[in-house]
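Novice: What follows is each chain in one-letter form.
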Amino acid sequence: MRHAISAIFTATVLALNGTALAQAPQGYPADYAKIVDAAKKEGKVVISSTTDAVAANPLLKDFETLYPGIKVEYSDLNSTELYNRFIAEAAANNGTADVIWSSAMDLQVKLVADGHAAAYASPEIKSLPKWAVWKDSAYGTTYEPITFVYNKRLVPEADVPKDHTDLLKLLNAKTDFYKGKITAYDPERSGVGYLFCNADIKDFPQAWDLFRAMGKAQAKLYTSAGAMMERVTSGEHLIAYGVFGSYALGRSKKDPNLGIILPKDYTMVTSRVAFISKHAKSPNAGKLFLDYILSKRGQEIIANKADLYSLRSDVDGEATIKGVTQLVGDKARPVPIDQTLLENLDQAKRLAFLSKWQQAKKGQ
Amino acid sequence: MAELIVKDVALRLGDKEILKGVSISVPAGEVVALLGPSGSGKTTLLRAIAGLETPHQGSIAIGNTPFFDAARGIELPAEKRGLGLVFQSYALWPHRTVFDNVAYGLKLRGVAAEEIKTRVEKTLSQIGLGQLAARYPHQLSGGQQQRVAIARALVYEPPVILLDEPLSNLDAKLREEARAWLRTLIVTLGLSAIHVTHDQVEAMAIADRVVLLDAGLVAQEGAPTALYNEPATLFAAEFMGANNRLTGTLAGNSNGRATIELFGERLSGMSRTKAAAGAKATGIIRIERVRCASSAGPNRLKMQLKAPMYLGERWELVFAHENLTVRAYAPAPLNPGEHYVEFPPDALWVF
Amino acid sequence: MPIVVYRLLVLGVTTLVVVAPLSLVVYQSFLTAPFFDPSARVGLLAYSFVLADSDFWQAFWTTVAIAAGMAAIAVPLGALLAFLMVRTDVPGRKYLEPLILIPIFVSAVVIAFGYVVAIGPVGIFSTLAKDIFGFVPWNLYSLLALIVIAGLTHVPHVYLYSAAALRGLSTDLEEAARVSGANPFRVAVSVSLPMILPAILFAGVLVFFLGFELFGLPLVLGDPQDLLVLSTYLFKLTNKLGVPSYQLMAVVVVAIIAITAPLVFMQRMLLRQAQRYVSVRGKGLKTQPLPLHRWRWVAFAGIVLWLFVTVVVPISGITLRSFVVTWGEGVRLLDVLTLDHYRELTDYPNVVRGIFNTLGIGVIGGAVAVACYTAIALAVHRWNSGWTRLVDYLVMVPRAMPGLVAGLALLWVFLFVPLLSPIKSTMVSIWLAYSIVWLAYGMRLVSGTLLQVAPELEEAARTAGASDLRVKRDVTVPLIKYGMLASWLLVFLIFVREYSTGIYLLGPGTEVIGSLLVSLWGTGAVDLVSALSVVNVVMIGVGLAVAVRLGVRLHG
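Protein chains in written order, with this note's numbering: chain A, 1 to 364; chain B, 1 to 351; chain C, 1 to 556.
You may find that some hints are simply not true.
Stated by the list, open to error - Residues from chain C that keep clear of chain A, each with C-beta distances beyond 10 Å, as calculated:
(1) V13
(2) T88
(3) P91
(4) P98
(5) R167
(6) L169
(7) V189
(8) L201
(9) Q225
(10) L263
(11) L305
Claimed, not checked - Calculated lysine-lysine pairs in the PhoX-like style (CA-CA distance at most 20 Å, straight line):
(12) A/K253 - A/K305
(13) C/K130 - A/K361
(14) A/K40 - A/K71
(15) A/K305 - A/K322
(16) A/K179 - C/K130
(17) B/K107 - B/K117
(18) C/K236 - A/K356
(19) A/K126 - A/K296
The set of hints was computed from the structure by calculation and includes no laboratory data.
Where is the CB? At the ideal position from N, CA and C, for every residue including glycine.
Build the full structure now, drawing on both the sequences and the hints.
Specialist: What follows is the structure, encoded as structure tokens:
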């Protein structure tokens, strides 16, 4: 009898603790618990993302610990595939993933502008920079400097470029040495690549000269940072242009051979944009996840375990907005998440860019 | 059991006309042999009766049940005709035991398991294979397999059993024994059967009536003795028995007797032709009717003995004269050289 | 049920399953926007865009060049190999035979990764060569290398058909030539070769056709040098306009099929021709192989060299890579050995799912597919009607669609038909795609087995009173059991090897090793890719070993 009572007692305490864990984080509105319960009933959250599964893993695991009972289904695709899939599924009234999280900021903004996002004011809005939230629908989740990456063993000390102008000079001076050894994102095949090129054009007056120099040096173009960095590490390529600082940092921890440069003239900063889909099958779970990755807990993992950069000013570490500001001061250029991004997508402009790019690839 | 009647059946395979209008009838309890050289259409006719080939003309019926009627557009599928068919290759299902092979037809007819057992065992013992019921076909000899094939066709008591050259796959020795056994079985069970074969001896031994087919048409039909002793056409005469062929000119033809002239000699024989004197003629005589004589005489030709051959129970003597070769049987060999070969007039047919 | 009903049912379902994706693709190509876009109108806009795109033509001519180059390499080598193995006394024939067929069964992406890791610019063998020669004497990232690799890996296809043809020939003619004084080489060139020419021609057309289907090799090897073939151009098109350009993709698909379909029909005609040259089988005489004398070991060395370059180099490359932490210039291999990558595989639920899914689709999916192929083959079996020709042609249609294209078409079908949407994110969609793509192959396997059932066995059952369907159930099917098992094994191997068909259908729940490999390679996770490739190779190796052990004839 006493055993039974103490058993029931223990069970109740555990259960209370269990629900206590699942209760709203501090500072959240009191009725957040309703969302949590609804999410638990939905049982899973489906995330469609461009963040490599490798990098996102610690985040997903922590989310599952925080909300036991909600399974994470995560698929990582490249930015174009993600966009295409989402559009197709939305149009087919098939239901889509719950949270769409992509580094192709312009495509994300377009999806939100086209009405595919569910408006949801996250309780975390007050802790985020102003440029990172649009219409309470699109949320920037990271603060990622776009860096140069190079192979420390094989690139002579004197060659290491400190900013964009240095790189341009280097490529023009030592075209033969670096022939085939430069790598960058492909704006033709990658939404991210396209975004980078257009941001460069805005911030760097000699952008097209740089592109031409890269063309002359027969730069190899890829659609993923991982592929680029793998080849820099192995020495197949020497310098990678336009690599997410997050990946670079993570990779350099494993490989001391990898050097990272935050260009001193300006460092583009992008942010992975997330929104909750209007056609989500588990909208409440989606809300939980979104809030989670914007929360301090989530951002700490983002900064320290997930090889991403945090955009919250209350998070410490190298991979944070604080850390970047320390390195480049006011030269950081975050790309704002708003309708200006939509200019990139105008078809005529796009085709015009692409044909000029084709010329630049040939060094013209 | 009723009579099987095939009327004027014509059948085309591809663009070749195999059967050109064949009619036969098989009264109850009679064994009919379909005899003919390869390509004569005998197997095709059998298959058409079974329903495995479709003619484009004619009718096939058993009693009042039509199997096929081109004019009325009736065609009963093979599985509904209820006939028994024994294949030349036996076609025993290798994945089934002897028992299951034989029982299949009964199983399809929804017969109760108990009854199947009784009937199959009875049939197997009738053909002498009672103790082999649990074996598989590959464990049996050729002769045993053939009997199983027959048992399979018999077990559901079909009105007619069709046999497609059932003895051709057996060795010569076995064939003669099997021939006897098969005839006894059919007669004992009182079955109607159609037996296809290219071997005229087998046809005559087994059947009550022989139907001789030549290139898709019936050349002659009748009792075995009639076919052997009174061939209506040259083809029939040559096909049955072992013969000698004499080519010459018709020198006279009246009252059932004809004279054939060759090498200056005149031979008198039975007339089988309506032609007039002067026409080409062929004389056919069975080897066993040819006599050897030592001197000249009526219906005799002078020939050289070329080679005597020993056949065991008799000698075969080969005579030649100019371009004519004649074979004869004799109990003992003759000396080489000239002899007189006699062709008895009532044994010589002139066509 | 009456057999007519069964036949029509099977015919109807097969037609639907084959024609639906194809018609959707063609329909899409004549629209101005993706078919689900409300603004889509019928028009030739997509065609004019694609046909005016210089990239398209570059990809087209590159594909033609590669296909022709492949055939030029594979056909002579394959025919030579067949002659050596079937007709001469090259040593070790018994052991070499199953090894020769390995390239057919290894996934092209795995082979491509293997080459990159082994002989890429900083590959394991390349660094070795650099140490010895001071420079790397080859360039993996060139059109020539791509053609050479594609040619060498397709030698087994030519070998299969040439060897089968050679085996079907009576040796009298060759022996007559030898007695007249011709040495083995002359015999090969002047007697054997002309007699198996139809088979060789067929194999040549087949390899040329396969050149249009190439996806894995150009994806991995052509990518870094901007070398596009039609299939990778298709891949690239997804981003051309920044928004889904399904209509453009549809045009490329139509272009691909416009070329491959006639090739498929040509193949069929050539196969018929080739079969006429096969003389009466089963002579049963043990034929004397032609002695090569001092060339024996040269020939053996040649075969081993080919095997080395085509199989050992890439597979050892990828295996080694899966056991090292990092590689490249200046890295000592022995310092960096590890099992971590394999452990890492278990950290990713989608990878783990992918492994189980691949096993599942191979074993279960393969069995169900064989059952379906058998059902269709049985419907056509002994059916004397013009409809069988329709089935013949139907079965050839998916053959003309490269896997990548078929997967895409099926994705669109699932999007187009709301009824089917629940199965889109399950393995059923993958199974459907695979079964359709390999329809012709599977049918050929099963039909071959059916042909071995003597018609009399079925006729005997009919005369005993069994209806047509009953005959098939009681007689035909039990007799082809072993053949169906062998087909299942071969289909297992093909399904496990697959990588391109599932790419567009990839999502949580539909991961298979092949498409995961492509996706992971794109993100640069080479560690995972190597480990996963080795898992795939092991799966296939086990399957192959079982097949060889059971004496399954791998000549599908």
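Novice: Next, verify each hint and record whether it holds.
Specialist: Status of each hint after checking the structure:
1. For C/V13, the condition that its CB be more than 10 Å from all CB atoms of chain A holds, with the nearest at approximately 24 Å.
2. Residue placement check: C/T88 keeps its beta carbon more than 10 Å from all beta carbons of chain A (closest about 43 Å).
3. At roughly 40 Å from the closest C-beta of chain A, the C-beta of C/P91 stays outside 10 Å, upholding its exclusion from the interface.
4. No Cβ of chain A comes within 10 Å of the Cβ of C/P98; the nearest lies about 35 Å off, and the non-interface call holds.
5. With 10 Å as the threshold on Cβ separation, the claim that C/R167 sits away from chain A holds: the shortest Cβ distance comes to roughly 46 Å.
6. The Cβ of C/L169 sits about 50 Å from the closest Cβ of chain A, beyond the 10 Å cut-off, so the non-interface label holds.
7. Interface exclusion of C/V189 from chain A stands, the closest Cβ pair being 44 Å apart, more than 10 Å.
8. Distance check on C/L201: its Cβ is at least 39 Å (rounded) from any Cβ of chain A, clearing the 10 Å threshold; non-interface status holds.
9. A Cβ of chain A approaches the Cβ of C/Q225 within 10 Å, the least distance being about 8 Å, so the stated non-interface status is violated.
10. Residue-level check passed: C/L263 sits 29 Å from the nearest beta carbon of chain A, beyond 10 Å.
11. Distance to chain A confirms C/L305 as a non-interface residue, since its nearest Cβ pair spans about 27 Å, more than 10 Å.
12. Restraint check for A/K253 and A/K305: satisfied, since their Cα atoms lie roughly 11 Å apart, inside the 20 Å limit.
13. For the hint linking C/K130 to A/K361, the alpha-carbon distance of about 30 Å lies beyond 20 Å, and the restraint is violated.
14. The straight-line distance between the Cα atoms of A/K40 and A/K71 is roughly 9 Å, inside the 20 Å bound, and the hint therefore holds.
15. A threshold of 20 Å between alpha carbons decides the hint, and for A/K305 with A/K322 the separation of about 17 Å falls inside it, so the pair holds.
16. For the given pair, A/K179 sits about 19 Å from C/K130 by alpha-carbon distance, which is consistent with the 20 Å threshold.
17. Proposed proximity of B/K107 and B/K117 is supported: the alpha carbons are some 10 Å apart, at most 20 Å.
18. The straight-line distance between the Cα atoms of C/K236 and A/K356 is roughly 18 Å, inside the 20 Å bound, and the hint therefore holds.
19. Taken as a hint, the A/K126 and A/K296 pair is honoured in the structure, with Cα atoms around 12 Å apart against an allowance of 20 Å.
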